[in-house]
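There are 2 protein chains.
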Amino acid sequence: MAEPEQDSVAFEDPAYRAAVVDLLGAITYGEISAFQRLTDDAKLATELPDKLALGKMAVVQFGHIEPLMERISALGADPMEAMAPFVMPFDVFHTATAPSDWLEGLIKAYVGDGLAADFYVEIASYLDGGTRQLIVDSLADAGHSEFVVDRVRRAIEADHRVAGRLALWGRRLMGEALSQAQRVAAERDSLAALLAGGVDRPGMDLAALSRMFSRLTENHAKRMAELGLAS
Amino acid sequence: MAEPEQDSVAFEDPAYRAAVVDLLGAITYGEISAFQRLTDDAKLATELPDKLALGKMAVVQFGHIEPLMERISALGADPMEAMAPFVMPFDVFHTATAPSDWLEGLIKAYVGDGLAADFYVEIASYLDGGTRQLIVDSLADAGHSEFVVDRVRRAIEADHRVAGRLALWGRRLMGEALSQAQRVAAERDSLAALLAGGVDRPGMDLAALSRMFSRLTENHAKRMAELGLAS
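Chains as they are written, first to last, in the working numbering: chain A, 6 to 236; chain B, 6 to 236.
Hints may contain errors.
[Stated by the list, open to error] Simulated crosslink set (SDA-like; lysine to any residue; CA at most 25 Å straight-line):
id, chain 1, residue 1, chain 2, residue 2
1, A, Lys48, B, Met93
2, B, Lys61, A, Met74
3, B, Lys48, A, Ala58
To be clear, the hints were calculated from the coordinates, so they are not data collected in a lab.
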């Protein structure tokens with residue numbers, strides 16, 4: 006792996022380096038969380054092929070962890086320490102949104118991962134090329150979108166009443182995700198500094214921040230619609 | 006993948022083919038169970054590096070599933086149907102031996118997988134070369150032996166009193182495993198037929214069966230001793 010230093014002069018700025026370590030720590034722990042959540046969902050599956058499909062997605066997620074940890078190490082930080090500040094927010098989110106059944110679990114995987122991926126990609130566009138590519142690769146859809154859409158649509162076809170409950174569930178997921186994200190942003194100055202820009206990177210002003218939130222919300226609505234659910 | 010038929014004339018015997026499908030079905034569902042159990046154990050881990058270590062073992066186990074399923078298909082059977090008869094016995098075993106803490110989970114992984122691997126390898130020695138090799142490859146230690154031995158020994162060093170409780174736990178695991186194995190053997194004639202031998206395979210007489218159980222028990226005792234526990 007190339008030394009990240011060679012990718013960009015941005016790393017000459019220690020604040021930038023610290024911010025990237027923070028961001029990669031968050032994404033890495035997010036992947037670990039996603040792995041655990043998918044394996045929990047696999048247990049809720051009553052059909053063996055569904056169990057296997059979710060197991061496979063979990064394994065794909067797990068495969069993203071090592072490259073992220075290697076990059077954190079290459080930046081001179083300890084991966085475990087980099088993840089530490091994000092363990093609590095992710096765990097709180099997952100406890101607050103423990104799915105009560107198989108469908109809720111599927112929607113959480115789809116909506117939650119989609120939202121996280123959108124957010125990281127937005128942030129990544131303010132980063133050096135090497136870091137950006139690593140993040141985009143880590144967020145590659147493990148193939149669950151198609152699977153989840155199919156299963157949720159089938160369930161709604163079989164019983165239209167589930168659509169109302171699941172729409173509420175989607176709104177709750179969005180609310181909890183935003184509340185944890187805000188908490189992290191407030192506690193970690195590094196992210197704010199990152200968005201402010203630096204040597205060879207443009208910054209994000211308030212208008213850009215607001216546009217970003219609009220895009221995140223729109224994409225969330227699109228995903229819910231794809232599932233056949235109101236947002 | 007080579008057609009299994011070309012590996013051995015044994016497959017000309019439909020009873021042998023059925024028995025191999027049964028055995029591979031059992032091993033495959035066992036791997037799925039092991040995957041789920043390891044991911045559960047990963048959740049009990051309080052240290053992030055332990056969580057990752059267990060996640061990695063789970064992913065290795067998961068990697069064994071596809072080749073086993075492909076082999077079942079190549080034998081002209083449906084992998085899901087082949088696994089079906091073994092879902093209940095494995096699930097009953099795992100429910101009856103749900104670990105109450107991290108150490109119990111580790112010991113279950115080590116002792117349970119060790120026992121299962123020993124048993125399958127014993128059976129495999131009565132099978133055609135291709136099937137035997139597939140089984141042996143599927144049972145390759147995912148590297149958890151060393152990890153578990155280290156963690157359990159450290160825990161006993163820190164507090165000698167846990168050794169008594171964990172020794173009892175090991176005995177209970179052995180008892181539950183034997184009771185499920187007996188149930189499966191009684192319900193599935195194919196295994197009995199397999200052990201009786203066939204065209205180009207030697208059979209197993211009662212004396213050989215008894216020696217096999219002695220070896221299984223001895224290996225279990227060795228594993229317990231390795232952990233620093235009485236058996």
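Do the hints match the structure? See the list:
no., hint, result
1, A/Lys48 to B/Met93, "14 Å, holds"
2, B/Lys61 to A/Met74, "14 Å, holds"
3, B/Lys48 to A/Ala58, "21 Å, holds"
In summary, this structure violates none of the numbered hints.
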